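From first to last, the protein sequence lines stand for chains A and B.
Going by our numbering, the first sequence opens with residue 1, and the numbers climb by one from there.
Going by our numbering, the second sequence opens with residue 1001, and the numbers climb by one from there.
One or more hints might be untrue.
[Unchecked claim] Derived coverage of chain A by chain B (criterion: at least 3 residues anywhere in the stretch with Cβ under 8 Å from a Cβ of chain B; other residues may be distant):
no.: 1; segment: 76 to 88
no.: 2; segment: 146 to 160
no.: 3; segment: 216 to 223
[What the hints assert, rightly or not] With a straight-line cut-off of 30 Å between C-alpha atoms, the simulated DSBU-like cross-links for lysine-lysine are:
no.: 4; chain 1: B; residue 1: Lys1020; chain 2: A; residue 2: Lys245
no.: 5; chain 1: A; residue 1: Lys212; chain 2: B; residue 2: Lys1085
no.: 6; chain 1: A; residue 1: Lys233; chain 2: B; residue 2: Lys1085
no.: 7; chain 1: A; residue 1: Lys236; chain 2: A; residue 2: Lys339
no.: 8; chain 1: A; residue 1: Lys339; chain 2: A; residue 2: Lys289
no.: 9; chain 1: A; residue 1: Lys236; chain 2: A; residue 2: Lys301
no.: 10; chain 1: A; residue 1: Lys273; chain 2: A; residue 2: Lys233
no.: 11; chain 1: A; residue 1: Lys220; chain 2: A; residue 2: Lys143
no.: 12; chain 1: A; residue 1: Lys143; chain 2: B; residue 2: Lys1085
no.: 13; chain 1: A; residue 1: Lys143; chain 2: B; residue 2: Lys1050
no.: 14; chain 1: A; residue 1: Lys220; chain 2: B; residue 2: Lys1071
no.: 15; chain 1: B; residue 1: Lys1085; chain 2: A; residue 2: Lys220
no.: 16; chain 1: B; residue 1: Lys1085; chain 2: A; residue 2: Lys245
no.: 17; chain 1: A; residue 1: Lys130; chain 2: A; residue 2: Lys369
no.: 18; chain 1: B; residue 1: Lys1085; chain 2: A; residue 2: Lys211
no.: 19; chain 1: A; residue 1: Lys339; chain 2: A; residue 2: Lys369
no.: 20; chain 1: A; residue 1: Lys236; chain 2: B; residue 2: Lys1085
no.: 21; chain 1: A; residue 1: Lys236; chain 2: A; residue 2: Lys220
no.: 22; chain 1: A; residue 1: Lys130; chain 2: A; residue 2: Lys143
no.: 23; chain 1: B; residue 1: Lys1066; chain 2: A; residue 2: Lys220
Rather than coming from a laboratory, the hints here were simulated on the basis of the structure.
The structure presented is a predicted model; accordingly, all values stated were derived computationally and were not measured.
Cβ coordinates follow ideal geometry from the N, Cα and C atoms, glycine included.
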Amino acid sequence: MTSAIANPLALIAELTHRCPLHCVYCSNPLELQARSVELSTVDWARVFQEAAALGVLQADFTGGEPLIRPDILELIRTARAAGLYVNLITSGLPLDESRLEALVQSGLDHFQLSFQGAREEIAQEISGTKAHSQKLRVLEWLKRHRVAVTLNFVIHRRNIDQLPEMLALAESSSASRVEFAHVQYYGWAFANRNSLLPTRDQLTYSIDFLKKAQERLAGKIKVEYVVPDYYAKYPKPCMGGWGRKLMLITPNGDALPCHAARVIPGLTFENVKNHSLREIWEVSGAFQKFRGEAWMQEPCKTCDRRALDFGGCRCQAFLLAGDAAATDPVCSLTPQRSKVDAILNEINFAGAGMAAPSAAPISAQHLTKPAWLYRPNPT
Amino acid sequence: MSVDLDSHPRLAPGCRMNEKTQQPRTLLMPERALRLNGPSLEIVERCDGKHTVRQIITELRQLYSKAAPAKVEQDILGYLALLQKERALDFEP
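The following block holds chain A by itself, in its conformation from the complex (with noise of 0.2 Å):
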């Protein structure tokens, strides 16, 4: 029975929940966890070795911001050893040149640095500190070092006027990788959705734009985005399909299908303290919750997609429906989705009229700041 599950390819190491920045739309969980429950270095080291026995391929080292570890040199080092490719996605902020040049030495692989903006302003205003300067001087000492480059842009209402900027900054670096991924609604983002959603107008610039971008950068800079779902018709496969490839460890040791799957009530997660990876990978109630077909309703349950999507993401179920098992209100195949459509209206008729058709399309609330709600740094 158990042998017939595929095992998970990457493992999402959230190594702390500590970060310097705030960012509204940070995909932990409301919940932070204190730096006093972190897994030691140790305990780290046998969940690498674990993963890479269960056929793991890659680590992705999170956060929180990951290199506010003290020993995150010798995580990378101890997952390198185990044989796993090491991913470190980061602020780019308790960094210099020496400590970037360590991490390299150090077996890192792939080095994925996040930006809140184009400019020093909105990067303030969505991180709530002063961050900016520091990631173009990183950009500077990435160009000096043989590893792979990624620069992330997280994409909404507020910044999406910045497209070209972003790209030109890409441009001038050393990434062979530039990600723009609209925010998706969970966590900080789903508290502050509301400032965060594009209008559609902006949705179609977007797309055009970054459509453009990969065909004149192809062979050079790889650009991948990611569009808010809540415009689309069919749902995302959320994590490739709940307990399909991914496995998320949180700061303090517990397994989670992934980052959000805490807010599902009746879902008790272990912790690799008390049981090996492969356990809980094949036999916790967790990941077997929503693995396969059986937990669909309709119209996931008889619809020809339910093999591409696995019926969306199930905590924008829970989050939107009330219901973990529903399937997906982004789906334009259900009746649940007059809820997302209900949530669009607002949007694009608070900002409708104000399209310019060349340039970005700016929104109404584009010109007053939000009311931002900010993550705050856990102890």
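Given chain A, put chain B in place with the hints provided.
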């Protein structure tokens, strides 16, 4: 994108094979992994910055001597172009 026969393809930063002891042999890269076997493995193992594209073609024609030489060349160029699109290769002069 066309491939220069005299250039030296080399795996781009952050793109590497898994360890020889790990099976199946896999090309690891940012956010992606490609399982390699047979000709694809033979090609990637030669993307070391020392072989030219032309040399890779010659060597694989010897390895796969039963295949039509034109087909071998076409397959190699197609595969290198695919890896370039993934930004897994740099072509050094």
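Consistency of the hints with the structure:
1. 76 to 88: Held - the segment 76 to 88 of chain A has 3 residues with a Cβ nearer than 8 Å to chain B, which meets the minimum of three.
2. 146 to 160: holds (count 5)
3. 216 to 223: With 5 residues closer than 8 Å to chain B, the segment 216 to 223 of chain A meets the three-residue bar; holds.
4. B:Lys1020 - A:Lys245: holds (24 Å)
5. A:Lys212 - B:Lys1085: holds (15 Å)
6. A:Lys233 - B:Lys1085: holds (28 Å)
7. A:Lys236 - A:Lys339: holds (17 Å)
8. A:Lys339 - A:Lys289: Holds, because 25 Å separates the two Cα atoms, which is no more than 30 Å.
9. A:Lys236 - A:Lys301: Holds. Lys236 of chain A to Lys301 of chain A sits at ~17 Å (cutoff 30 Å).
10. A:Lys273 - A:Lys233: Violated, at about 41 Å.
11. A:Lys220 - A:Lys143: holds (15 Å)
12. A:Lys143 - B:Lys1085: holds (21 Å)
13. A:Lys143 - B:Lys1050: Holds, at roughly 23 Å.
14. A:Lys220 - B:Lys1071: holds (27 Å)
15. B:Lys1085 - A:Lys220: Given pair Lys1085 of chain B, Lys220 of chain A holds - Cα atoms ~8 Å apart, limit 30 Å.
16. B:Lys1085 - A:Lys245: Distance ~24 Å between Lys1085 of chain B and Lys245 of chain A Cα, so the pair holds.
17. A:Lys130 - A:Lys369: holds (17 Å)
18. B:Lys1085 - A:Lys211: Holds. Lys1085 of chain B to Lys211 of chain A sits at ~15 Å (cutoff 30 Å).
19. A:Lys339 - A:Lys369: Roughly 26 Å between the alpha carbons, so the hint for Lys339 of chain A and Lys369 of chain A holds.
20. A:Lys236 - B:Lys1085: Since the Cα atoms of Lys236 of chain A and Lys1085 of chain B sit roughly 24 Å apart, the hinted pair holds (cutoff 30 Å).
21. A:Lys236 - A:Lys220: holds (27 Å)
22. A:Lys130 - A:Lys143: The given pair, whose Cα atoms are some 23 Å apart, holds under the 30 Å limit.
23. B:Lys1066 - A:Lys220: Not satisfied, since the Cα-Cα distance of roughly 35 Å exceeds 30 Å.
Of the numbered hints given earlier, the model fails hints 10, 23; all others are met.
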